[in-house]
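There are 2 protein chains.
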Amino acid sequence: MNDKLIRSLRENYQISFKDSELLEQAFTHSSYVNEHRHLKQRDNERLEFLGDAALELVVSEFLYMWYSDLPEGKLTKIRATIVREDSLAKFAKECGFDQYVLLGKGEENSNGRNRPSLLCDLFEAFLGSLYLDQGLEAVSRFLSIIILPKIKAGVFLHEMDHKTTLQEILQKNGDVDIHYELIKEEGPAHNREFFVTVSVGEHVIGEGSGKSKKMAEQKAAHQAILGLEKK
Amino acid sequence: MNDKLIRSLRENYQISFKDSELLEQAFTHSSYVNEHRHLKQRDNERLEFLGDAALELVVSEFLYMWYSDLPEGKLTKIRATIVREDSLAKFAKECGFDQYVLLGKGEENSNGRNRPSLLCDLFEAFLGSLYLDQGLEAVSRFLSIIILPKIKAGVFLHEMDHKTTLQEILQKNGDVDIHYELIKEEGPAHNREFFVTVSVGEHVIGEGSGKSKKMAEQKAAHQAILGLEKK
Chain X
1 MNDKLIRSLR
11 ENYQISFKDS
21 ELLEQAFTHS
31 SYVNEHRHLK
41 QRDNERLEFL
51 GDAALELVVS
61 EFLYMWYSDL
71 PEGKLTKIRA
81 TIVREDSLAK
91 FAKECGFDQY
101 VLLGKGEENS
111 NGRNRPSLLC
121 DLFEAFLGSL
131 YLDQGLEAVS
141 RFLSIIILPK
151 IKAGVFLHEM
161 DHKTTLQEIL
171 QKNGDVDIHY
181 ELIKEEGPAH
191 NREFFVTVSV
201 GEHVIGEGSG
211 KSKKMAEQKA
221 AHQAILGLEK
231 K
Chain D
1 MNDKLIRSLR
11 ENYQISFKDS
21 ELLEQAFTHS
31 SYVNEHRHLK
41 QRDNERLEFL
51 GDAALELVVS
61 EFLYMWYSDL
71 PEGKLTKIRA
81 TIVREDSLAK
91 FAKECGFDQY
101 VLLGKGEENS
111 NGRNRPSLLC
121 DLFEAFLGSL
131 YLDQGLEAVS
141 RFLSIIILPK
151 IKAGVFLHEM
161 DHKTTLQEIL
171 QKNGDVDIHY
181 ELIKEEGPAH
191 NREFFVTVSV
201 GEHVIGEGSG
211 KSKKMAEQKA
221 AHQAILGLEK
231 K
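Residue numbers (UniProt numbering), protein chains in the order written: chain X, 1 to 231; chain D, 1 to 231.
Only chain X is shown next, with the shape it has when bound in the complex (with noise of 0.2 Å):
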């Protein structure tokens, strides 16, 4: 097994394996296995099916803990920000796991370690060995430190509608007056900037700038949201 790996797992993670063999098979591909079949050893594909589900656990308790007043359908569409593909194979590439998985030739010449759906399925599989190994405090401890901050600063939120989710969670005790409102434009007719704030009544809970009214207001949105949730 790599040393490196081993070490940045320690060092930056406080992770190590009890079973070498799971974390050895979690970095090896298909395309590994079938150009060494001599050498009898398993791809990393079983690990993965486990580590999705490991995954998509720890996931959901983090957004049903952070967002204790979101509705169901909203948290879901949070989760499914997190857990596709490009954000997965960017945890992957920030942990360095891109530099450790065990490639066969012909994956490795069309440049496969940075093939998002490879590095997806890498992360995945290792999720899966460390749960097999110690279970899924493990799992929730070492994701965490890559996915919890991110959670907590509203990363996933960027792709969300900020308007519907603000409303959504002020209107869940019945109706509240929110409303947007054009305080300031700046700028020449083609390089303009919007300035909007966002109220409940006559309480300004929120302010955001863009390149177009609806933009500010998202900004707008997203800035209350991120102060309901401090509170």
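Careful, some of the hints might be misleading.
[Unchecked claim] Below, simulated DSS-like cross-link-like pairs (lysine-lysine); rule was C-alpha separation at most 25 Å, straight line:
| no. | chain 1 | residue 1 | chain 2 | residue 2 |
| --- | --- | --- | --- | --- |
| 1 | X | Lys18 | X | Lys4 |
| 2 | D | Lys105 | X | Lys172 |
| 3 | D | Lys77 | X | Lys77 |
| 4 | X | Lys172 | D | Lys40 |
| 5 | X | Lys40 | D | Lys172 |
| 6 | X | Lys163 | X | Lys219 |
| 7 | X | Lys77 | X | Lys90 |
| 8 | X | Lys93 | X | Lys105 |
| 9 | X | Lys105 | D | Lys172 |
None of these hints come from the bench; they were simulated from the model.
Since the structure of chain X is provided, determine the placement of chain D on it from the hints.
Relative to the frame of chain X, chain D by itself:
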């Protein structure tokens, strides 16, 4: 909270909730909340979000362990037959959960208590509440009573293509000569029964009968799979 439900969970599944409000929430449908806003009760939809993910992980682990030789694609297919709506609705009925769910009048009158989607959501919400109250281990213990025996009996395989599965199991480590043989036909033309064996090389590993040669082959393959699993 319904005493009969509490007793049933304790006697049948050795489950006692620490936080009885969680259990109550799991059995509260949104239609009930809508008709009783003054009670400020929460419906079970967010718990369903969490329970769905806990179910997926536990079932994935059961399948990973039980079918230690099946490839990821096949595991994913079997998992889908287990976690789909009509299966979960059946589990909810088996547990008698349909008796205890709180519904609004409209939902009750339109026979919501027997609607598969409602029962499926209820089952998942219960798992979500159990997960929050007692962790994954408890969910796994409960599902090992409800679902694991069915996995072991091959119930969910009925909906799979056994011939393909058998081939995938046997050919995992290279080509194997699998062949099916019609050994007998019985009965009149309009009600004929076909008898088939499946062999690897000279060795018969399964037999089955059915109203068509194809059905008999599927049964023979299924028997062979069950035989291999016991080893």
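Inset, instruction - Kindly indicate which numbered hints from before are broken by the structure, ordering the numbers from low to high. - result: none
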